[in-house]
Amino acid sequence: MAEITFITSSGETITVSGNSGSVMTLAVDNGISGIDGDCGGVCSCATCHVHVAPGDMSKTGEASEIEKDMLELDDNADEYSRLGCQIEISDAIDGVVLRVAK
Amino acid sequence: MTVQKTTAKVCIVIGASHAGVNVAFALRREGWDGTILLFDADKTLPYHRPPLSKTYFTSEDTIEKHLLKPAESYDKENITLRLGATVSRIDSETKRVTLDDGETLSYDKLVIATGARPIIPPIPGIETTSGIFPLRTAADVSKIRDALKLSGNKKVVIVGGGYIGLETAASLSKLKLAVTVLEREERILARVTAPDMSDFFQWLHQENGVEVLTSKDVVEIKTVGKEKQLVCGDGSYYLADMIILGVGIKVNKELAASAGLKTKNGICVDDRCRTSNEDIFAIGDCTYYYSARYDRFLRLESVQNAIDQAKVAAMAICGKETVYDSLPWFWSDQYDVKLQMVGLSEGFTEALLRKDVEDAKSFSVWYFKGDRLLAVDAVNNTKAYVYGTKIIKADQKIDKSKLVDPSEEFKLTNLLVD
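Protein sequence lines correspond, in order, to chains A and B.
Under numbering that gives the first Met the number 0, the first sequence has 94 at position 95, and the numbering climbs by one with no breaks.
Under numbering that gives the first Met the number 0, the second sequence has 324 at position 325, and the numbering climbs by one with no breaks.
Derived by calculation from the structure, the hints in this document are not laboratory data.
On a predicted model such as this, the values are computed, not experimentally measured, just so you know.
Certain hints may be false.
Over 12 Å on every C-beta distance to chain B, these chain A residues come out as not near it, computed from the model [unchecked claim]: (1) N29; (2) G40; (3) M56; (4) K58; (5) V96.
Not everything, but these chain B residues come out facing chain A in the computed CB check (under 10 Å) [unchecked claim]: (6) K68; (7) E71; (8) S72; (9) R95; (10) W328; (11) N379; (12) Y386; (13) L411; (14) L414.
Subject to a maximum C-alpha distance of 30 Å in a straight line, what follows is the list of computed DSS-like cross-link-like pairs (lysine-lysine) [stated by the list, open to error]: (15) A:K101 / B:K249; (16) B:K401 / A:K67; (17) B:K399 / A:K67; (18) B:K75 / A:K101; (19) B:K410 / A:K101; (20) B:K319 / A:K67; (21) A:K67 / B:K261; (22) B:K360 / B:K319; (23) B:K354 / A:K67; (24) B:K94 / B:K261; (25) A:K67 / B:K396; (26) B:K94 / A:K67; (27) A:K101 / B:K368; (28) B:K173 / A:K67; (29) A:K67 / B:K392; (30) A:K101 / B:K399.
For glycine and all other residues, C-beta sits at the position ideal for the given N, C-alpha and C.
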């Protein structure tokens, strides 16, 4: 099980836990504002953009090639950007903090 | 600008797929305090449709893995979801809807998100032959999966070489079934892409063992022994254990039309998704509207259109200023190929091909009208999709000779004309 903390664009901090699936699905299931997941999680819409807390990048890993390209759609993307649909939930990412992109 | 008080008001949404569900949740975000009633004839909790022909088709998943929103979220947002309930009549004079069981309900604002249904072409024998399936709903896929389970070694013929037909062909091939696609036009995806793209997908399917035949107009379907026989206009015929139809959709506009709303090739809406009645909105696949961006009328079948129109309608209903003029985008996943499309190519004067020297399965087609980029189709090339999106949004010009020259670096800054 992994506990994930989301910080929404309005500054709200919400910690939720999940066992499987993607971070995007976890966020949608918990009504995290700003994570839409319009394409259903196939890396096609970039509506699940999060900034990983710098110290947690080693847990989540970096964005893949396709993901990096998709993130270029958002001018606010940075080196800590990931698409939530491409981060799998597992014990390995327990405790990560993700700021929902504006 | 004052946002209207809505506490005692009722908004009814007819249709709970991508458009209907998104408008319900967007209404809450935009400040609608009143009742929200969301109806759908489908008894299943609202789900994502794109996986139906793709990952859902080939998996053993239940549809619960693909829900648009978890069941609790409707309660949490105080959205009353009424599944298995069909709205049979809208009375725009008295502002009431009637359900098929006779119940009537009043509304202050009404949103029609009735979508579309698959076309069952009027081919002789199609109504009387068993084992013919359309593919639009989760129930359709369940029926197909059940029928496939009943016996192995099924031979499937898909009628129609559009996205649904081809995605389904890829999924069936993954399940190790013998698949033939019969397309009426001279090339697959003829209505939506350039010949380069059609050629690639024809090759891709053949590489994966799917037979794709074009200029095949099915004129009759017969039962021969235990098999079905599809007879084509050129006299050829094909045998199948199962037939899947992917020949397009018919808009569910009858309810709107019978309420006196203006309809054409869909339910007519303005740039705020308002119909010809000021208290009735329509969104998603069922709408027909003027696009300032393309200077023509559009009816789009896409998730993007459904979701963006839902946002616009919710804002308009809550009295906020808004205009729908989104840039359309689409995607399709077949085998290991990801196709991403942005813009609409219709009316193009030139289609340019950008190849990737290192990867034959990665390229893009760029559609221009003069110097203006209209659309990009990108195959396993997200960069092209992203650059295309940025260029179209900013209405920038690009250097066409650099675009088609594989020795030129494929980078936005290098492609733009100063």
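Hints versus structure:
no., hint, result
1, N29, "violated (8 Å)"
2, G40, "violated (8 Å)"
3, M56, "holds (22 Å)"
4, K58, "holds (25 Å)"
5, V96, "holds (23 Å)"
6, K68, "holds (7 Å)"
7, E71, "holds (8 Å)"
8, S72, "holds (6 Å)"
9, R95, "violated (32 Å)"
10, W328, "holds (8 Å)"
11, N379, "holds (9 Å)"
12, Y386, "holds (8 Å)"
13, L411, "holds (8 Å)"
14, L414, "violated (14 Å)"
15, A:K101 / B:K249, "violated (38 Å)"
16, B:K401 / A:K67, "holds (23 Å)"
17, B:K399 / A:K67, "holds (25 Å)"
18, B:K75 / A:K101, "holds (24 Å)"
19, B:K410 / A:K101, "holds (25 Å)"
20, B:K319 / A:K67, "violated (35 Å)"
21, A:K67 / B:K261, "violated (44 Å)"
22, B:K360 / B:K319, "violated (45 Å)"
23, B:K354 / A:K67, "holds (20 Å)"
24, B:K94 / B:K261, "holds (17 Å)"
25, A:K67 / B:K396, "holds (24 Å)"
26, B:K94 / A:K67, "violated (49 Å)"
27, A:K101 / B:K368, "violated (34 Å)"
28, B:K173 / A:K67, "holds (28 Å)"
29, A:K67 / B:K392, "holds (20 Å)"
30, A:K101 / B:K399, "violated (34 Å)"
In summary, the numbered hints that this structure violates are 1, 2, 9, 14, 15, 20, 21, 22, 26, 27 and 30.
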